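Undergrad: The primary structure of each chain is shown beneath.
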Amino acid sequence: MNDSDRLSLSRREFLRSSIGSTAGSLITMRSYGARISPVNPKRKVIVVTFGGGARDDETFSFDGQQYIPHLLNTLAPQCCFFTQVINRGILGHYVATASIATGAYETFDNFVAQPPDHPTIFEYFRKDLRRPIEDAWVIAPGSLFAEMGSSQSRRYGLGKGAEVILPKRMLASVLGGSDGSRFDSFPNILRDSYEVPVTSSIPSSNAERESMEELLARMKLDREQLRSRAKTFVSPDELSVYITKYVMRTFAPSLLFLTLHDIDIAHSGAYSLYVEGIRSTDRLCAELWNEVLQNPEYKNRTTMLILPDFGRDGDNDSGGNGFQHHRTGSATARTTWMMALGQGIRESTIVHRPVESIDVTPTVAGLFGVDARLAQGRPIPELA
Amino acid sequence: MPIWLKSDDFSLYPRQGRDLAIAHLAALRAIPTPLLPVFLVELKEYDWKFPVEQQEIVARLEFVETDPNSLAAFRSIHVPAAWEDPENVKDPQRFLAGMTATLWSSLQMDAYRKAADQFVGLYEATAKPTAPAQPRLVMTCIGRQSAVPAYPLFQKLRGSGRVWTNVRTNGATAALLNALHERAAKDPTPYSHWYIDGGSPLPEFKAAGVAQLLYPDLAPVDKEILGIMMSCIKAGSGPEVLQAKLAELTRHIASVGKVTDDARMQQFVVSLLTQGSGTQIFSTSFVQWATREILRRAQPATILARYAPRQRQKSFNALVADALNTNDIDPEGSLIDADMAAYYSYLELKRLPGADRARFLVWFEGHPEAFTAGPGIAAGTVNESQTDMAELLSRMQASN
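Residue numbers (our numbering), protein chains in the order written: chain A, 1 to 384; chain B, 1001 to 1400.
No lab work stands behind these hints, which were simulated from the structure alone.
One side only, chain A facing chain B, incomplete, derived with CB under 8 Å:
1. I90
2. Y271
3. S318
4. G322
Fair warning: this is a prediction, and the values are worked out from it, not measured in the lab. Ideal Cβ positions, reconstructed from N, Cα and C, are used throughout, including at glycine.
Isolated chain B, as found in the complex (with noise of 0.2 Å):
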């Protein structure tokens, strides 16, 4: 355990973290050290963590205090003396890649995984996890350009909802813009309802209320990473070397190609470049990735997220050269991806606090199919009558 721990090792983390963590030194030292980082992490990021995020890490360290032996079964996890070196509470991000490396080549990572699983249990058991005041939605839409599927849409999540295949398309992306305005109007809690595009935004769409993530106005930042990339592929770098420059990027976000003034989402979006793979070259998988990272860290009320067509597979280094400029877009491909992405979104939706309460729907965008899920919605159905949008909404949202 790291008993060495002292209020000096955290003299880089900014203001915020770093008070959180001296007011927690005595939880920390109890940590064990293969645990450790995952802590400092969230130490280090706590100033542009999410509210939800920054309650939730408050807890954390307050639930070890309570109960120190709720982390016994890390230490019967083994590791090198040399991972006690406050050196490494300057550099978590470091740290955590290295005790991970160290987990999986010592073959320790079945156990941690399982004291993990542990940990959370007991942490959770106790946890107070707060229902956002109306219940959740998250809106999708799918197929933007894309011809007829070859294949059933919602697969995967035909069995948790009911698949129509009657909508209007007239009024359809008013009536979803609609219930995104309408709920970020009624409850205006920072970072509760958001729109996501893999494209171009809907015309109508305002920004009032809402956190907006349009991939394009994103291009400032991606434009330096995929810049860093490339000079590592010319280089013949390895991935190490990559990581390190990546890690160096997210130490001086102000300077990275900003898109936004508010710090908080401008760390995000680097995060979401930097730490999300495939994200830098495919739309699809951006808008997965960043409706996922929304879900699981900002825990927010709505998320409207409209994918695009992504680029046409190529080979890595074309990828990464073009990801900006290129006009070759697949698709039928990227309805597949995002057919699959939706129940992704549909499965971290259910993991978080009011999940029974829940509304989902994904809509086949300038097609007549859609899939809702949600209390009073049963499973496994299919509805053949014609419908619009809107009174999909309500029906929605009305039902208890």
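Okay, chain A solo, but in the shape it has when bound (with noise of 0.2 Å):
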């Protein structure tokens, strides 16, 4: 047995326990296929990254499980669970998730915002079915993710992929000026990412900032509104799935893809603020899920996938710095769980079998009946 296989067998042992599954709900590709329906033209997908990085320490494991009560006693019950996806990438936040969004692994700077080079879940959704860009959105957390809806392809390409929101840096065009001083009122949702600490989240160009009016009068957004919302919320995170909803109650689109990434405060250090972010990473995945059975043009028609982007590294790796980071490719930093809920998901039951996390765009691509032509993953049969 693999350190990957250790891994997901202790995730499989403590989630029998917790949603009353047992071996016989082990299911298999084979018992599995017969429950797939024929694809629903009303079908809404939301795949949610619970980033950015987050170990089974802190979430499936018996300790971790203090951290996410909502996603063990409300979620769990309702969703298929995959012990063991791993990520064979790079872990460097964005390249991992633009790599979950092509279902290949892309190799590009993972600290330069570029558009990746296999072409999007997006893209073979929107041209495949003729959709038009309001029906598929990406909500992300910083400016890296700016170009993560298109791909580089020719085939596909800039402008056929999603409507891409960054809620902070919306917000900040939503209160004016360049310098940052009007931000003082919002201290900890304009908080920027704590690996790159130089990432700024203001436009700083005029094209950015006609970009973002040009998004901002297409939205029909109402800045006071925002502006006053903002000053609730308490982390990125808050503003990122208000923005959400705002996207589903408004324009209903069939694909959605959120990064979340408060969880990444890990990197400085400061073990209380990481499990924070792994208890606010848990509450706001119920809360979107709510939404879904809450919203009429949700109801019923969705399926959610949730999985972490990756690992963080081991407290046993020498050569890292335990939850601090995710830098020495070891098992507990590749090997996640991914939870699948909803439209056509046979509840409380556990996959054991490996998955890859390049797996999620073939498997999406086939709920709405299209072909991720150029994706390497494969879709997983218990889902697709």
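If you follow the hints, you should be able to join the two separate chains into one complex; please do so.
TA: And the structure:
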């Protein structure tokens, strides 16, 4: 048994006791295949990355359960749980998230905002189904993710993917100014990355400002309302979920990709802030699922996938510094989990078989009946 | 392999490192290019390394000379020929950063990791690590200014030792300092005994024979680093620019807010504040990282590490801007941070030679809870009887 298997087994044993699953509910590809239903044209899919970088130790391990009460008590009993999701690519947040969205391990510089090389799920979805841009959205935490909606592919590419919202940048734009001095009332939510402290949220060029103004106009977002609501948020991810719910209520897109990032405060080395980020992310995932259940456009039509982009270094990994970073490439950093819930998902089941994070895009493509033809991952038979 | 390496390539290295590189040129030429920058970084910084580190660098070079096949697994890793350039030798830190990016982007990091594990395994099988004359002792004070926590302390540690619930607080800090001072007097080896404090030091602390890192005293260096970070934030510069500016700082250590006359310690301080993540803004992160680096690099006999409350979380820019001038502290969060950090210190201690004889103690400062681990201490036990710190330390040090 290798390290990934051991992590997976630990999650499975724990979940079995918490969601009442038995060995009999460990499903196989064959047994699940019969449940696949024809593609529903009104189907919605939401992908949430439980980011940035959460370890088993603080989520589904025995010690970690205290930090994820909503995932465990509310969502787990309704979900199909994958105990072994492996990311074999670069463990940087943007490049890993882009890899999930393209279904291929992207290899670009993680610290440079750029379109991925391979087509994204948004492009496959929109091109094959001839959907408008309002039907696919990305809500992402920072400037690096600005171009993850469309790839550099000649067959697909710019303008053929998803609309990308960077909520912090949007709020900064609404607040006005370029020196940050007006942001003092929003000390928590305009927090920038702790891994790349020099990335700024503030739209700096005229082109960026104009582009943001266009987006705000298209979204018909009430600036004053955003400003006043933002004062009640305690973290950037709360702002992201607020914007996500706004998009759901306004445009009801079929495909949504939300990247959460509060957890990445772990890079500061403060364990209390890291686990607080996990608690907050846990709560926000449940809040989003609750929106799905309340919103008639989404209720009974939505499949939601929740997965960390990757883990973090293990405590026993001598080359790292425990939870703080994700630099070693160890099994703890590469192996995570995934929850699938909602439309077409068999509840209270556990899949032990290893899958890869790049399998998400071919799987989502399968749910929509489109072909992720250039993806390297494979559809997950239990879902697609 | 860098068969192109020659003596002149090391002309910009400090004297001892340069002489060592030239003396072991044959070994360096046998090192596959993906691994080469790791050795070069150590050689360039050799003059400021702690004595134990210097011995290890020499031992590893000699091992490569004796058994070049120990590096065989690295030869299956392919990197662009552009890395075979003597110019890279001049700036090994940049070489290392670039090579790391290459390994990640070519999806060869797993192969590199496997090769490194194999090399380290072969080296350690032949190495003769030196255990300290007296068993190592690491003492950690956590939770200064914290109230009783809302969760049981020492959760990660308790399976490895004994939790004490009734330790008299009177005289506790004096007992810890006595242990440090007595051990320093008994064994005057340089850099063998350390006192680290995230805030103001204990009044009874005496520096004789003890290397010290007091976070507030490092403000001149921290100020310079924070200034660079702020200027990068304002300019919207990328991480590469920040990294280059911090690397530039390490090249001119003498001119960076001098905090000590000891060049080795000055370099160590700069490295803690430039290479440690969060060390510039959170005192808790600094004490954790400093303890870990002292254990890993200096392999000392004694450490007394004392955590202080860190500043409360704010926006990153505000944390950087206010790092040296804030009174807004978070004692409860700091206790959680330090509790986890103590566990990491324990793991690091257990990686060192003589780990089976090492002693480890954590005290929730100002409260009756403590934890001990070491020879003769039953793991996973709780002792509720009344005791005091001097007795605890005496028991720990007496057991075999």
